[in-house]
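Participant: Produce the complete structure using the sequences and hints provided.
Under this note's numbering, the residues of the sequence shown are numbered 107 to 426, in order.
Do not take every clue at face value.
[As the list claims (entries may be wrong)] Restricting the straight-line Cα-Cα distance to at most 30 Å, the calculated cross-link-like pairs of lysine-lysine (DSSO-like) are: (1) Lys-187 - Lys-198; (2) Lys-145 - Lys-271; (3) Lys-190 - Lys-145; (4) Lys-198 - Lys-271; (5) Lys-271 - Lys-190; (6) Lys-187 - Lys-337; (7) Lys-337 - Lys-271.
I should point out that these hints are in silico values taken from the structure, not numbers from a laboratory.
From a predicted model like this one, the values you see are computed outputs, not experimental measurements.
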Amino acid sequence: MGSGVWSTDVYDAADRYRRSNGHSAFAYSDSGARTVHHKLDPRGTVRESRDSQEHPDSLAIAVVFDVTGSMGDIPRVLQTKLPKLLGLLLRKNYARDPQILFGAVGDATCDRVPLQIGQFESDNRMDDDLSRIVLEGGGGGQMTESYELALYYLARHTELDCFTKRGRRGYLFVIGDELAYDRVKAREVRNVCGDDLSEDIPVRRIVSEVRRKFDTYYLLPRGSNYAGNTKVLDFWRGLLGQNAVELDDPDAVCETIALLVGLGEAAIDLEGGLADLAEVGLRAESVSTALEPVDQGRGRVLATWGLPTTLQGDDRISRL
107 MGSGVWSTDV YDAADRYRRS NGHSAFAYSD SGARTVHHKL DPRGTVRESR DSQEHPDSLA
167 IAVVFDVTGS MGDIPRVLQT KLPKLLGLLL RKNYARDPQI LFGAVGDATC DRVPLQIGQF
227 ESDNRMDDDL SRIVLEGGGG GQMTESYELA LYYLARHTEL DCFTKRGRRG YLFVIGDELA
287 YDRVKAREVR NVCGDDLSED IPVRRIVSEV RRKFDTYYLL PRGSNYAGNT KVLDFWRGLL
347 GQNAVELDDP DAVCETIALL VGLGEAAIDL EGGLADLAEV GLRAESVSTA LEPVDQGRGR
407 VLATWGLPTT LQGDDRISRL
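Facilitator: What follows is the structure in structure tokens.
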């Protein structure tokens, strides 16, 4: 996947058409669907981010967000903002050939649609994937969701040319407000992904595995039920260090993700990135507050592009 070119005009035209006809951006979910759309079904699939003549330097970027009840209206806010991410990355040359995958996570212990995974796309088809996401609105009510199942899929069911050809990790952004379960359960993997595991996988192990392939971040947005919850923050900081980021303004999700990619690709520094945002009237202040801890923790670390079986140091951020 990953062919084609993003067009803001095409996106705006589609958005106007939806609005004029009274259609929701989550048309599939709002139609009453309560099963995973076949194009987002993770069972027996692999999602690929590939180089092509059109996109010779592909960079995989996965954005997976919690669609359970504790997130309130934030998934709908994200749906209106995330389609603009690709244009933001391209306008300032933060990434040459970004390919973006959107996905959603629920609770595999009780939800009907615990995992939804789109394709890596370079054009407006990523907006189509967003429109197919079911807003579960459930969850287990235990301040825990199946984020670990999404991490498992992205670790073992993706093929990234940026990684296999150039030794460059992609980027993974998980947007949510709860804890992951303490292990990837073999039973749930069988039911959702179709894999037969001989045993459960501890969450810390699957986090280490996915971080070999993706520079991984957890974004906790203000306005969700558990925003600012120290138990949630401590849990994710224990797994990801400074890559667990509080997002003061969900409206600034695209700007936050774009700057993290730009920083990771050494295309900008934080000061320059914030100036880029201010130049076009975007939300520099909120993004600055969110990213200062990440920037301070980054340091001047030489790239240690992941060997497939070992981590380098604590693997927090292995980019300049």
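Participant: Now look at each hint and say whether the structure bears it out.
Facilitator: Results of checking the hints against the structure:
no. : hint              : in the structure
1   : Lys-187 - Lys-198 : 18 Å, holds
2   : Lys-145 - Lys-271 : 27 Å, holds
3   : Lys-190 - Lys-145 : 21 Å, holds
4   : Lys-198 - Lys-271 : 25 Å, holds
5   : Lys-271 - Lys-190 : 28 Å, holds
6   : Lys-187 - Lys-337 : 28 Å, holds
7   : Lys-337 - Lys-271 : 39 Å, violated
The structure does not agree with numbered hint 7 stated previously, though it agrees with all others.
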